Amino acid sequence: MTDDSPDNPRPRPRWDPAPPATPEPGVPLGGPPEPSRLAMPPSAPATPPAASAERDTPPAGDGRPPSPAGPLSRRKFIGIAGGVAGAAAAGGAAWAALVRDRVDESASRLAGVTTTAPPTTIPATTTTLGAGSGAAAGERVLVVLEMAGGNDALNTLVSSDGRYRDRRPALAIAESDIVTLSGADYGLHPALAPLAPYFDAGTMLAVAGSGMTEQSRSHFKAMDTWWTGVPGATSQTGWLGRWLDATLDGENDPLKAIALGGGGPSLVGLNTISTVVRSPELFSLRTIKGADNDALVAAFLATSAPLAAEPYLANAQFAIPSTLSAVDLLASVSGGGEGDPVGVGRGDQATAGTLLQTAAGIIDLGIGTQVITVGINGFDTHANQAARHQDLLRDVADGIASFLTRIEADGNADRVMLMTTSEFGRRVAENGSGGTDHGNGGCQFLFGPEVAGGRIVGELDLANLVNGDLPTAVDTLSVYASALDWLGGPTDEILGADYDRLGLLRA
Amino acid sequence: MTTHASSTRVEIAWLARRAAWGLRPGQLDELETLGTDAVIDVLLDPDGNGVGPESSPWDGFEYVDDNENRREQGLEVLASWLGHLVTTDRPFENSIAWFWHDHFAVSAEVVRYLPALLDHLELLRDSAFGDFRELIRDVTTDPAMLIFLDGTTSTGASPNENYGRELLELYTLGIGNYTEDDVRAAAVALTGWVVARRFGYQARFVPRRHDPTPQTFLGTPGVTGVDAVVDTAVAHPAVPTYIAGKMARHFLGDVDDATIDSLAATFAANDLKVAPMARAMLEAGIDGAGSPQVTAPVPWTIAALKATGADIAPRILAGLLRQMGQVPGLPPNVGGYPGAATWLASSSTAGRFTMANALARTTPDDSPVLAAAAGGDYDELADLLLRPEGFSDPTIAALRDLPSSAAPRPGEAVLAIALASPELLIR
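If you're matching them up, the sequences are chains L and R in order. Take the first sequence: its position 491, counting from 1, is numbered 491 in my numbering, and each next residue is one higher. Take the second sequence: its position 307, counting from 1, is numbered 307 in my numbering, and each next residue is one higher.
What the hints contain is simulated information worked out from the structure, not anything from laboratory work. Accuracy of the hints is not assured; some may be wrong.
What the hints assert, rightly or not - Label-pair restraints from in silico Cβ distances:
no. : chain 1 : residue 1 : chain 2 : residue 2 : range
1   : R       : 175       : L       : 162       : 34 to 42 Å
2   : L       : 193       : R       : 214       : 42 to 50 Å
3   : R       : 198       : L       : 193       : 37 to 45 Å
Note that the coordinates shown come from a computational prediction; the quantities given were computed from them, not determined experimentally. Just so it is clear, CB atoms sit at the ideal spot from N, CA and C, and this is done for glycine as well.
Bound conformation, chain R alone (with noise of 0.2 Å):
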């Protein structure tokens, strides 16, 4: 590999990777005259750096209630979603956001009407950097999540233990950290929540429905009612280490013990705000904290049209990244994404060869990305790509191998073997 980048230049690529997933072509150079410490404060504070707010990527969607459409609906949803990651100017809250869409793995396939999904992903993206107090009691009783795991349904003769274990167990304190009674009182606690359609699919709650039976939870006596179980669940000691780390791991790869505790102090430290922990996840990382780390489908996509200005149309662009196993508002189950080793899994690994294929067939005449590739320049096309460093030797090798008839235009079939190649799927 080629070393002549300078360690400015690296250190922001690896934050462009791994926080902004992706750079337009141009952007590296803004912003290594920056410096690292201020493209930080950039992605943390987007506001206080000029970055105007933005609209929802849903804007203008106009919901049919219509089986004709159903399918143009969510393919549309899915293209809007898409194209707001690649065009926005406020990353860093938007790849945060699809760290707490993980997180909670509200799914399309469950959660049917799709307007209580947008609203629910907008919830995520304006709670991004916030209070993680607020988020959860948000989410407890936010029309989709009733829907997602059967809060909806949850009544007094008959209680539906499914959220109130996935709060204690994958939303706030994680295993171990609660006991079989803890659920059922949460269950009971939590009871009289419904959405209905002449309640305009907004979250109501129904005294009649509800078990007011005081509860204990979590050792503290008397709990009914969502603030109490918000409160109590939140406010236990094992929650700031929990999402700490869940966080590190997402963003950093693999963490020590060490780091993940002083995150946590520091979560601890400002009453759960999640903005103080994240600039100190990314000072953390910039300071060699975690790992390597191999992408999932979404970002290796995003960071690659990004770069690129490849234009595949969305019902392709959706079925490739299915092929890749990973589709925006389809958590295969209730614990979110898979792990980062899924996507070296064969299927992963044949869809990312197609993807690429896709990309650099749709990428526009006039991309710098194209002519790298089509001057030989690897150096130059490595560091469009975000890798500064350069590509491995095995790679550079298979490039300059390609005869310069493997595809119709000049540079394309170098430009896919460069997206597909290793180096590029390591984060």
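Here chain L stands alone, though its shape is the one from the complex (with noise of 0.2 Å):
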């Protein structure tokens, strides 16, 4: 270390306390110390709700006749609700707009209906939510790992090209560490090498130099077009959300789609909702020691309904119910255990791992999940890549191989496919704090039983840089119309144009 090197001290201080599982007694603020009087429990109380099943029925004793356009059924409130947590994404007044004519709608529809919808408590009231949608358990599902900050590609997929060793002298892989895989021009990080064997097997497909035309190199535009899939325009939906609403079949069903992590703006639909959840380990309702949990719920839920009319008031409101829901589901799926290999979570986020088992325990639950978004983040390695970025990618690849490895035990693994993004691609030459700069062409992975796996599409193409950047060798509205034909389509619709297959998926 030079005189003047610049460096981060240690120790690092850990900011982020422990979630508050186990209370303990601390210094309270302002006052003497005093043990914390909160109880803990999983969450209240198993007690089956009366008219729960009955999820078209309104609840017994209201007295009240049902409004000209038919009764709130609780499956049409909690249906309403998920929209709220879509709607994260949007922001703004277009998200605000947006709301405010559903919720017109939605309120006008409602007038005069007095509903308390029971607590929501039991799994038995989860599975009939999903159920809405038909046979739930044989139907295909799309996990989405996003990977934000913009994954570096050539350290994910490695080239033997020397100009990559050239323009990264201290960054490069060792060509001895390269993770090789039969037959591609490319190997991968040694991080990624729990991943090689599905390549060998013919189950994983690498595309290489994805990006979207007029790609951005700011974070912000580049996530809006990758979350939206409409480049070069502003829209208020994300590609997945035009698929929830394009396939919408009577009633909105807020866990066909769910969002694990930091996700969720891909899943903002006009007509549909979806469950946003940013950690499932953190997700529980507790209440004070020694109260009656269930009324408390209870009291909770009645603050819900009837609507307002005042239509932020009315999200506040819709929240609460889709939540109770949500808190059910997560509760019956185990996300721990073999998750959190490497510990590289950051603020409330989970870790690639805990979130992918977590998404394998809801496909197995059957309810009709169709899409889940897993989102990560950390990616953004402008500094200190080398440590980082094997991290990142370590907590990728056991997280993906224990995900594929739980769905093949679970019998889950022929209707699921897994596919990464990230918003874009990083320079080539390594800059001066041991990082890189935000670039274009980046790699995305695709796993899935109809993937023609065993191959790399497309390349990262050193020898005609643009700018100092990798050219553009495949479009991720490509790989993006793969995955919805994987879904079922409508893709072109969704899309808003033919693009190219590129063989992605087996015939």
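Since each chain sits alone in its own frame, please combine them into the complex, following the hints.
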């Protein structure tokens, strides 16, 4: 270390304390020490609510006639509610306008109906929830692992091209460390070794040099496009939200699409709504020690109906029943154990390993969930990339391998496709901070029974750089199109054009 | 809802929710006697209204460079910060400082050296109402920022674009007002600043790490060095609208273009001093600009702590904020804390319910809110929670239907549900 070399000193403060699962005495804010008096039961006891199974029947004893438009069913109510969660994506005025329209319509439809939906505390409730869309257990599932920050494609799919080594004197993966893929021009970062068997077995495909037209180097603009699937224009909806809209048959089911981790924006639809859970292990309801949990949860739920005319308040009401349903759902899914192998979770973000285990559990419940986005971040490796990227990729690889093992063991592998995304690649040349700046040319992985795997589509074309960046070799929308085909489409309607499928899936 | 509260009381409650993050019991009565205009003046000019200066939340904090204590130290800093936000008599200054924290989004996840982070936060508080150009100048070579966006490792031989890009995209102009060449030019012109242990973690300019080649930046030729970069960026005509729009949306919710243009004009006419624009913003809000707004977890929690006097152990408080999705000092990415609708996600809703229970459980026996809750005086309870208009009908029904045995202490369950109610989330 030279005299003027920078450093980011340790120790690193553990800013983010453990979740409050094990409360312990502490020094209260501005007062004398006092042990916590919060009780922490995992959730409200599972008392079957009387009316919950008859989801299209209003609770008995209401005494009022149904509104002309029909009774407010619990299911319909929950259906409306999820939209709030999905709306996290659009943000700002566009979202508000969108929600306002929906609320105005709902509020007028619901005028005069007083409904107190029962608390939802048993798995049986969630089972009926998802059953609305038909034979749930056999439906296809798409899992999208969103690697936010801009994953470095060149150190993920590693080239033997000498120009790679020239531009990356410090960051290039040593030849001897590259994980070879049979018959392929590129190898894998050593942390991705657990994925190689899937490639060699033909159930994993890699896309090299993927990107959007008019690819932006701004995280936020690039992510907008990545979520909407509409390059060069603004869109209120996400590419998967439009699939939910297009396949809506009857009432919306907020559990048909679930965002785990930081995601959600790609699920925003105009007429459909989804569930957003940032961190499954922190997702629970706790009440006052010695309190009547059922009474408190029921009262919380009661504040949500009837809907207010004021759209912001109505949205805050909407969020309550869908949250209670989602708590039940997640409580019945074990997300722990095999997850969290390396602890690269940031803030309230869980790891890919943890979230993918939760996803596998949701899939196995067979409640009609067809789209699960898993959001992880930290890929914006401007500095100290070597160690950070290794940790991130290890989490990804171990998480995916554990996920694939689990769905195979559960008998669900035949109906699940997994794909990875990231908003852009990184500059070919490393910077002076041991990292890489925003660039172009990403890479994606696809896994699944219909994936035409065992090969790499596209290339990381080091011979034809554009302003020091890799050129785009594969339009990301071709990959999205293939994923939508897997779900049954209507793909071209959703994406607004007929993108070349590039044979990513077996015909 | 009941409507017997005076319009002045309703206006001041609105100001208190948006600009002051709540009030302690009795304060609404005091402020109502002053009138709306005087309250705005107290918020904007505490010094001129007899409110003395306040010390740093972290006075007396002693950093120990020691792995054993790092978690405790982080928690101590966090507790001091939250405690300060509850007890401050300069609440608008602190909520503007929070806006700047959201704006610059420096994260403790990246800036591991706590004293640098605290200095950064103090800079934001000291500059809250001040000169925007000076704020950008100070932040550009602030040790925490140099660590956060890699300025400290950006050299003439190999410039790092991270700060140059966000200076333009996030901190001053907004997207669409600059080119990739401007990003590179800023990166080159800002090279040479270093934060290092041997310099006591102060920022130092090291000429041999700097590339002095004059850059064309935002159309201005010959730009090199931090002052020229900052002056050029801040002089760009997009700055007033970008900053006024961001601040107005933060405090007022949805605002129309005419409101933003008016605030931007005020900002520009006052040489980018923040206070006149902030005053105009509150006045516009009282006049009906803006919209209802989903309250973020931190301001929601601070307001609840003020109203109840609740006494939650820092470790638990921090854990519950994490569950709600917003922990001070840990914005999830360089774009800051997410937008308001995020706080309606299932995770935040569940966290809010649990936090409300924790608040009710630790509210002192003699708290006015607990008495109002126990006595079934829902109008009084709503007023104490800064909703002089009263609760919604569904909430009143829910509170009324709660069995008196629902929680051990009288009023506890009612208070928990009142705090968790949808209307208390909307400010």
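- prompt: What hint numbers does the structure not satisfy?
  reply: none
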